[in-house]
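Colleague: Residues per chain, in single letters:
Number of protein chains: 2
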Amino acid sequence: MNQHPKVLIIGAGAIGAFYGSKLSQSGAEVTVICRSDYDYVKNHGFTIKSHWQESEYKFKPDQVLKDFQSYKDDADFILITTKVLDPNLTKDLLKPNLRKNSAIVLLQNGIHIEKTFADTFPENEIISALAFICVSRVKLGYIHHQDYGRLVIGNYPNSISIKTELLADLWQKSKVPCETSNNILKQRWKKLVWNAAFNPISVLAGSKNTSEILQNAATENLVRNVMQEVCTLAKADDCELEEEIVEKNIADTKKMKPYKTSMLLDFEAKRDMEIEAILGNAIRFAKQKNISIPHLSSIYGLLCCYKSQ
Amino acid sequence: MNQHPKVLIIGAGAIGAFYGSKLSQSGAEVTVICRSDYDYVKNHGFTIKSHWQESEYKFKPDQVLKDFQSYKDDADFILITTKVLDPNLTKDLLKPNLRKNSAIVLLQNGIHIEKTFADTFPENEIISALAFICVSRVKLGYIHHQDYGRLVIGNYPNSISIKTELLADLWQKSKVPCETSNNILKQRWKKLVWNAAFNPISVLAGSKNTSEILQNAATENLVRNVMQEVCTLAKADDCELEEEIVEKNIADTKKMKPYKTSMLLDFEAKRDMEIEAILGNAIRFAKQKNISIPHLSSIYGLLCCYKSQ
Chain A
1 MNQHPKVLII GAGAIGAFYG SKLSQSGAEV TVICRSDYDY VKNHGFTIKS HWQESEYKFK
61 PDQVLKDFQS YKDDADFILI TTKVLDPNLT KDLLKPNLRK NSAIVLLQNG IHIEKTFADT
121 FPENEIISAL AFICVSRVKL GYIHHQDYGR LVIGNYPNSI SIKTELLADL WQKSKVPCET
181 SNNILKQRWK KLVWNAAFNP ISVLAGSKNT SEILQNAATE NLVRNVMQEV CTLAKADDCE
241 LEEEIVEKNI ADTKKMKPYK TSMLLDFEAK RDMEIEAILG NAIRFAKQKN ISIPHLSSIY
301 GLLCCYKSQ
Chain B
310 MNQHPKVLII GAGAIGAFYG SKLSQSGAEV TVICRSDYDY VKNHGFTIKS HWQESEYKFK
370 PDQVLKDFQS YKDDADFILI TTKVLDPNLT KDLLKPNLRK NSAIVLLQNG IHIEKTFADT
430 FPENEIISAL AFICVSRVKL GYIHHQDYGR LVIGNYPNSI SIKTELLADL WQKSKVPCET
490 SNNILKQRWK KLVWNAAFNP ISVLAGSKNT SEILQNAATE NLVRNVMQEV CTLAKADDCE
550 LEEEIVEKNI ADTKKMKPYK TSMLLDFEAK RDMEIEAILG NAIRFAKQKN ISIPHLSSIY
610 GLLCCYKSQ
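As you go down the protein sequences, you meet chains A and B in turn. In this text, residue positions in the first sequence follow our numbering: the first is 1, and each later residue adds one. In this text, residue positions in the second sequence follow our numbering: the first is 310, and each later residue adds one.
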């Protein structure tokens, strides 16, 4: 790998474009695969407004492609930033053309999303990554990074490779707070504590933001119970979380500006929601371990009715 | 009480008008209290289309009044057919003018709705009544009785008085299938098995009818779990229900024509829903008895966000 690592981004939405722009600023050669916005991005690139900088900036990827098959280079990193709807689709997309030395970076939500890739591509390094960020695609080619922005990355299942260090360095060079973790699974469970509660509840409670959800004692209690069940599952997955995490999450959310979860934004925009990555996988893990999680099951049972048929 | 018992109906919506018309057909002297529809009903009465009869019929109450204070007679039965939103409101309404020999007939949904009345009016007979009916107010003064129609009535807490027998006779005389029960509490729990599951879930699952709810295994399972928790509560309230009731309810619902619950109709029409009568009272009973009901709590926690502030 040279000084200009090759990065291919699959899913150049808000997350892909934003973190891709940062890799590009650090010298990586960034290619994005764009379907719906292809023509615009090919001609104009992205415009990014970030709360980290005063003025907006341009991000022109080195290549803009319509599909993975058109990529003829040897990517050092394949950054997958699509929503996790059907991991098999992404896997099948990679299968015909994937080269051994491309590390697959899953910068996505959810729990237990890595296994499909690890099983299908046993020779490829799998880097699992979590973004703590509020960022959205406001219009064609325009990305707004509103808040936060931290990354945590680590190899699946539990190590930190040289490539992972290098990727972290690239992000850090462009001032993205990026930590490495040799227990990324635990980091995923930790993030799921918040996500598994607020994402589904924001939709099921009738399109409510975080502050509206916590206005009601009975709903706050549901949040707490769901979070506790996630902690129980994490423990059964050898990832014991700190005891205070539930109350800390609730207290921190109370202090936050009212926030619409990504699942609520998807719901309101009539887009598919990440139900399986955020809840379904946790539910299946509980079943496999024979752990009772009635609150998670309840919200999953309701949310399943929202799936597009 | 003479051959023409005096019935006062508070809440002349679909249920009140329909069952009132039947008492009137059997010779009762029926007064209705109408607020929003007063002018129309005073002049034209109700028109009722019932699946029990070929042609629609008229129901002209003996008196149409704007409020309880205007009623100067000595009612044998005060039939309360309002939605159960705040029982204290109804209680306060009755307080100044209620006479001892008026039996209070609560023809309403929910569980443990009688106690407020029994405590406030210890000298009055409290008759608790359940309607198994699909009936709706289609437009001003026009009621459509689409399906079913059975009543079960009994004295609170657990007897059958002469007055209750007489009321049942009146309904039976006009061909309403009306049973009496000396354990109306158990009947209420039995009805709640269905209501506590399908009413909230129909709203929370994103406006779904019964058949859509049961299309999904995870949602059907939630229905089952909620029903089982209601059975547990019923048992703790000395009302053990038959073991098969849960599966029978699910199987019967699968056979039914797709049905929109009353809570869903209220939600879609932006009317207040009977959250407390159908769920809140059950939740409070569980708390008092220290019984764990995580599925009921989950849907209650979500539904509370739908309350008008």
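In case anyone wonders, no lab produced these hints; they're calculated from the structure. Do not rely on the hints blindly, as some may be mistaken.
What the hints assert, rightly or not - Listed next, the in silico BS3-like pairs over lysine-lysine satisfying Cα-Cα at most 27 Å (straight line): (1) Lys616(B) - Lys598(B); (2) Lys248(A) - Lys351(B); (3) Lys307(A) - Lys367(B); (4) Lys375(B) - Lys495(B); (5) Lys472(B) - Lys569(B); (6) Lys307(A) - Lys495(B); (7) Lys49(A) - Lys83(A); (8) Lys49(A) - Lys257(A); (9) Lys255(A) - Lys381(B); (10) Lys255(A) - Lys287(A); (11) Lys424(B) - Lys287(A); (12) Lys424(B) - Lys448(B); (13) Lys270(A) - Lys544(B); (14) Lys557(B) - Lys448(B); (15) Lys472(B) - Lys392(B); (16) Lys307(A) - Lys596(B); (17) Lys91(A) - Lys58(A); (18) Lys191(A) - Lys248(A); (19) Lys616(B) - Lys257(A); (20) Lys260(A) - Lys472(B); (21) Lys307(A) - Lys563(B); (22) Lys369(B) - Lys381(B); (23) Lys186(A) - Lys139(A); (24) Lys255(A) - Lys91(A); (25) Lys307(A) - Lys381(B); (26) Lys260(A) - Lys270(A); (27) Lys579(B) - Lys495(B); (28) Lys115(A) - Lys58(A); (29) Lys375(B) - Lys307(A); (30) Lys270(A) - Lys579(B); (31) Lys270(A) - Lys569(B); (32) Lys260(A) - Lys563(B); (33) Lys616(B) - Lys254(A); (34) Lys544(B) - Lys495(B).
Keep in mind it's a predicted model, so treat the numbers as computed, not measured.
Colleague: Okay, which hints does this one fail, numbers in order?
Modeller: Hint check: 2, 3, 4, 5, 6, 9, 10, 11, 12, 13, 14, 16, 17, 20, 23, 24, 25, 27, 28, 29, 32 fail, others pass.
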